[in-house]
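2 protein chains.
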Amino acid sequence: MPVDAIEGQLYLEYTRRLTEDLLDKYLPSDTVPPQRLHAAMRYSVMAGGKRLRPALAFAVYKYCNGDVVNNIEIIHLAMAALEMVHTYSLIHDDLPCMDDDDLRRGRPTCHKQFDEAVAVLAGDALHVVAFELMAKTGSIRAVMELAEAIGTSGMLGGQMADVEAEGQAVTRDEIVSIHKRKTGALIRGAVRIGAILAGASEALLSRLTEYGEKIGLAFQIIDDILDIEGDQKLLGKKIGSDSKNQKATYPGTVGLEMARRDAARLIDEALAVINNNKEEDNLLKYLARFIGQREK
Amino acid sequence: MPVDAIEGQLYLEYTRRLTEDLLDKYLPSDTVPPQRLHAAMRYSVMAGGKRLRPALAFAVYKYCNGDVVNNIEIIHLAMAALEMVHTYSLIHDDLPCMDDDDLRRGRPTCHKQFDEAVAVLAGDALHVVAFELMAKTGSIRAVMELAEAIGTSGMLGGQMADVEAEGQAVTRDEIVSIHKRKTGALIRGAVRIGAILAGASEALLSRLTEYGEKIGLAFQIIDDILDIEGDQKLLGKKIGSDSKNQKATYPGTVGLEMARRDAARLIDEALAVINNNKEEDNLLKYLARFIGQREK
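Protein sequences appear in the order of chains D and L. Those letters in the first sequence? Residues 0 to 295, per numbering that gives the first Met the number 0, in order. Those letters in the second sequence? Residues 0 to 295, per numbering that gives the first Met the number 0, in order.
Think of the hints as simulated: they come from the structure by calculation, not from any bench. Treat the hints with caution; some may be incorrect.
To be verified - Here are the simulated BS3-like pairs of lysine-lysine, each with C-alpha atoms no more than 30 Å apart in a straight line:
(1) L:K232 / L:K179
(2) L:K246 / L:K111
(3) D:K24 / L:K179
(4) D:K49 / D:K24
(5) L:K111 / L:K61
(6) D:K49 / D:K236
(7) L:K24 / D:K179
(8) L:K232 / L:K246
(9) L:K295 / L:K232
(10) L:K179 / D:K243
(11) L:K111 / D:K246
(12) D:K111 / L:K243
(13) D:K246 / D:K24
(14) D:K111 / L:K246
(15) L:K179 / L:K236
(16) L:K49 / L:K295
(17) L:K243 / L:K49
(18) L:K237 / L:K49
(19) D:K111 / L:K111
(20) L:K179 / L:K295
(21) L:K111 / L:K24
No experiment lies behind these values; they were computed from the predicted model shown.
Bound-form chain D, shown alone:
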């Protein structure tokens, strides 16, 4: 499946809309009690965003010849679950006791729009719905994969290390370890879950895991770079918050130039993993390049 830039853009636009339809479908209605909690969940989930994790999972599912005719619901469930987990982590991350952010995706953060108690519970509730949806795929392995991606050896471990590293000098290895877990683990998990649900061979799964790890780390390095020199309007959040919060960042550790070079190298390596298969341009290559060049 050769994919040029226009087709890639169309794909991202398509999965973004599809993901939003799925989120709307799978989220509890805010006319059903507890209305305020459901409203807060919807407020944060439906606030926009690139919907990159669902786009990756879907692209990998198709790449691995997952059944999109008779069995498309299993990947739909996983796409919504991944985005809900991502949103839950943002809500808790934005709390005053964590990063204390007021703005997210161009709107007040959940605890600003509602209150802190609602934000804690809305994050918790999205966390549960994500597992419920993943369980509905019928794949125990996909549920385990999600748990591994977001547990203490993955996302939560990275968030904890991120909080602990505030104001500390960190080495390149340490910041790589934080970023791989904080952001990389869920991106890697999205890729692996797409492959697992498609019934990919272990060899293919292992190759795609490498791809997921490379783009996941690159994604967070670029996030750090954008927090220094990005466009606030495009990003929908204040830039300079890492510096304000004395966060350990990749460019803060190795410098902006080296950070840019390392991100580009990781994207090239991700492309090379896919190239091993001697394939033409495809969606996975497009998505890797998209991550490398993103401005928001």
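Given chain D, work out where chain L should sit, using these hints.
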């Protein structure tokens, strides 16, 4: 299996110790990074408690002739998962933005012993481990059941309604609805998961669900009563906190006398559900009576 009070006490003591061994086995070690997060998870989970939800799940598993010889690990996994979910809900409930409690099970609450950021993440991490363990049972239905018990139509919905009802006058129906969700749903879920993992028939599952609902509601009514007239030392937490926090409580709505009578009636009804089977005294009856008479 006839069970007198001494055998019942021994059973509770046995499952309490078993549960603590299981929790220790399944919790990540605090010598592995992120150490502080793992230490906080262990601090809160290993702080004691009756371990009632695991005891109920195990008793039901045995009652339904679950295999305790070749397949005991599946119920062990579920027991640990239930206690972790319970602890996660307590950690988030105790946060300053929620009930703002300093003392839990006779020790400083998680955010007092560590800090708020760690408490948010430790609750989140226990939440993930619980789903990971439940997935390891291999039963998608048990995973779904857990999600239903603790989601917005269950525990989280009850916590939200509980927060919203602060300082409000509520009717008896409203307080019943809050209690059924806030506390009842997970107790009901523990009973149902024990039955599901044992492969109980739908008829038996439905009867046990009724038992679980009755004792779950009774449990929270008695919790409210103990917050008024309980022994602070036995309880390991300050009494009078409901009144301080202007919580909607069952005795606050119908009076202490009626609250005592309704709790006793619910326990009798739970016993009657089990009696339908014309069985001798058994563990499930003992546990229902234990909940009715507990002083901590």
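**Q.** Hints that the structure is at odds with (numbers, increasing)
**A.** 5, 10 and 13
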